[in-house]
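K.L.:
We have chain A already, so just place chain B on it with the hints.
Listed in order, the protein sequences are those of chains A and B. Just so you know, we're using our numbering here: the first sequence kicks off at 1 and counts up by one. Just so you know, we're using our numbering here: the second sequence kicks off at 1001 and counts up by one.
In short, the hints are calculated from the structure, not lab data. It cannot be assumed that every hint is accurate.
In silico DMTMM-like links for lysine to aspartate or glutamate, alpha-carbon gap of 25 angstroms or less [claimed, not checked]: (1) K263(A) / D1373(B); (2) K1081(B) / E338(A); (3) K81(A) / D1355(B); (4) K139(A) / D119(A); (5) K60(A) / E1317(B); (6) K120(A) / D1339(B); (7) K81(A) / D1319(B); (8) K1263(B) / D373(A); (9) K81(A) / E1317(B); (10) K1081(B) / D319(A); (11) K1081(B) / D339(A).
Number of protein chains: 2
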Amino acid sequence: MSVTAAQGFTAAGIAAGIKENGNPDLAVVVNNGPRRAAAGVFTSNRVKAAPVLWSEQVLKGGELAAVVLNSGGANACTGPKGFQDTHATAEKAADVLGVGAGEVAVCSTGLIGVPLPMDKLLPGVEKAAQELSEHGGEKAAIAIKTTDTVHKTAVAVKEGWTVGGMAKGAGMLAPGLATMLVVLTTDADLEASALDAALRHATRLTFDRVDSDGCMSTNDTVLLLASGASGATPAYDEFAEAVREVCDDLARQLIRDAEGASKDIRIEVVNAASEDDAVEVGRSIARNNLFKCAVHGEDPNWGRVLSAIGTTSAVFEPDRLNVAINDVWVCRNGSVGEDRDLVDMRYREVRVTADLAAGSESAVIWANDLTADYVHENSAYSS
Amino acid sequence: MSVTAAQGFTAAGIAAGIKENGNPDLAVVVNNGPRRAAAGVFTSNRVKAAPVLWSEQVLKGGELAAVVLNSGGANACTGPKGFQDTHATAEKAADVLGVGAGEVAVCSTGLIGVPLPMDKLLPGVEKAAQELSEHGGEKAAIAIKTTDTVHKTAVAVKEGWTVGGMAKGAGMLAPGLATMLVVLTTDADLEASALDAALRHATRLTFDRVDSDGCMSTNDTVLLLASGASGATPAYDEFAEAVREVCDDLARQLIRDAEGASKDIRIEVVNAASEDDAVEVGRSIARNNLFKCAVHGEDPNWGRVLSAIGTTSAVFEPDRLNVAINDVWVCRNGSVGEDRDLVDMRYREVRVTADLAAGSESAVIWANDLTADYVHENSAYSS
Chain A
1 MSVTAAQGFT AAGIAAGIKE NGNPDLAVVV NNGPRRAAAG VFTSNRVKAA PVLWSEQVLK
61 GGELAAVVLN SGGANACTGP KGFQDTHATA EKAADVLGVG AGEVAVCSTG LIGVPLPMDK
121 LLPGVEKAAQ ELSEHGGEKA AIAIKTTDTV HKTAVAVKEG WTVGGMAKGA GMLAPGLATM
181 LVVLTTDADL EASALDAALR HATRLTFDRV DSDGCMSTND TVLLLASGAS GATPAYDEFA
241 EAVREVCDDL ARQLIRDAEG ASKDIRIEVV NAASEDDAVE VGRSIARNNL FKCAVHGEDP
301 NWGRVLSAIG TTSAVFEPDR LNVAINDVWV CRNGSVGEDR DLVDMRYREV RVTADLAAGS
361 ESAVIWANDL TADYVHENSA YSS
Chain B
1001 MSVTAAQGFT AAGIAAGIKE NGNPDLAVVV NNGPRRAAAG VFTSNRVKAA PVLWSEQVLK
1061 GGELAAVVLN SGGANACTGP KGFQDTHATA EKAADVLGVG AGEVAVCSTG LIGVPLPMDK
1121 LLPGVEKAAQ ELSEHGGEKA AIAIKTTDTV HKTAVAVKEG WTVGGMAKGA GMLAPGLATM
1181 LVVLTTDADL EASALDAALR HATRLTFDRV DSDGCMSTND TVLLLASGAS GATPAYDEFA
1241 EAVREVCDDL ARQLIRDAEG ASKDIRIEVV NAASEDDAVE VGRSIARNNL FKCAVHGEDP
1301 NWGRVLSAIG TTSAVFEPDR LNVAINDVWV CRNGSVGEDR DLVDMRYREV RVTADLAAGS
1361 ESAVIWANDL TADYVHENSA YSS
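So that you can see chain A by itself, here it is in the shape it has in the complex (with noise of 0.2 angstroms):
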């Protein structure tokens, strides 16, 4: 499973000792041809972690043949010496696995502001080149968590071809990307033009739709690499589809995971005149403390969810909006609907759908609770 699922990649995940716990913090991905194709989709955020500034200078040469990514640290906000620290990361790398740096992507996860412990860092990856396996995936995808419960991976097995992945993130999800790190792996054989066409469609319809906490983040980076190992060519339409099956499982996982969450709300926004209107109100619902507030509470509180709706420019009519909470239609024409008292929050999953009465066009976003227990994780992080 994970990132060895497909053929042509070996991976292993060590602890470095970046963390001062002793838990895996370092991961090594190398694939292994014959192709080494890549793409890569990086963080809108403007303020970029050194990884992200390196990973994003190499992908542009369209091949990566090892990934190494670290938990422990972003290496973000850390000057020229966190770039220097990247950069030796990758030539530290390339030098025990025989490829070029440039051939090198680096990806870094923890708390911002903090230099990385070199010391550990390079001897780990050494290390971890030592333990490369096909059966490193799973290793790999432990190594990569931060605040995350559980590690996640996923595989989609076609005929004769595979794609595989690993993600971590769990706090500071928001679009664009939602924060994590995650590795894609295939052994279709496929060129990298064909692969970032696939990874900016499957990111935009997933990663980019799930809005947990609406910070966003540093380090946000999603790898798609492929071997060719299978020897097959998968039709463009039928690959770009495995990899969003892929994307929108690994992105489901990190909304289950999120940090101190107790719900899954799914917002489904319909009938809007633009697919950009349906996510920009989607995104508003998904962001709205009242709301989340609600909805750990079990209240089905369609007020917080017009008072959401309108503060975007998205095309609507107040009196025409609808909203169900669990299908119960507790919104009709901007006014009271049915019962509230008939909506049955005590699942973990909660659906939520906004009728903006305007259109014909939808988008689904995925967002959490905010609870106590988020509150509680996030004021006692870094201490």
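P.N.:
Chain B only, in chain A's frame:
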């Protein structure tokens, strides 16, 4: 104090039975003239409560004889019946006060999507009219409380004229406006156009820069009524400054009483290329749940400030950003600055300074931390 500090005004606050717990829930403020000039500023939420739609219409004439305010129900998302209820409230007040319904503004606050109990509200208006007094300002301020723990009043006494006011607001506090009802009164002798200009100037710099929880209400209303009873006509600038002073005082009181908050966060953005940039950056920091949690935990987590700045479209270079928390420059040139252990965050007020190094404009935004108490209060609010 309050709305009766200025000459020419009477007010009352009573328990009409709108709130089931029997607390005061209805206030009336009357302008006895000789002048009845008025101006108003309303929520920018596109889902507007019936009383907002009514009062916006009434204000077009630039005159108000009275304001009726109720807590215990927002009369928002209540359809045509809700608007009829607001109209009936104004008609009732007009009837008992001997004025025209078109000179009566109506403000409501409380739960969205619940019809008002008109069988209690209308007799309440009659009762309140009988209790109108030159000393009724305090009682009026008490009657408009919802989750407010204290009532809020302010006054500025100038040479020969006065500006006073009252406010309510504790949750759903975000700019454009913060969620709140405010009535300001003055005995200065000024025309509606001067009141309108002074009020817009003041709200832009005060209430619009309060962002407690990022949630924008359907009912926000700020009214300014002038009786001319002092006979004094101050210079516009002097008057505008007095209005700003009273609004600033009330805005700070809103922040200090915000639901569940344990900290007041003063976010000053300096050296911005434009005032709009400064406000955008300030709001982005103010709305970052992770940073708000960190402040609650007394953790000077400047990385979360930088990640919030990075989501804006303001002019800045990431490697020139500086951030101080309580005057300790923990981030310099986008990287690690002074020792974060020097930051003392034990006190209620926390000062964040974000230096964009991109110009000479600045703005101050006030926010609150995010606490488990906020979650508890808002997950049980309507139950």
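K.L.:
Now look at each hint and say whether the structure bears it out.
P.N.:
Hint check:
no. : hint               : verdict
1   : K263(A) / D1373(B) : 19 angstroms, holds
2   : K1081(B) / E338(A) : 17 angstroms, holds
3   : K81(A) / D1355(B)  : 22 angstroms, holds
4   : K139(A) / D119(A)  : 22 angstroms, holds
5   : K60(A) / E1317(B)  : 23 angstroms, holds
6   : K120(A) / D1339(B) : 23 angstroms, holds
7   : K81(A) / D1319(B)  : 12 angstroms, holds
8   : K1263(B) / D373(A) : 19 angstroms, holds
9   : K81(A) / E1317(B)  : 17 angstroms, holds
10  : K1081(B) / D319(A) : 12 angstroms, holds
11  : K1081(B) / D339(A) : 18 angstroms, holds
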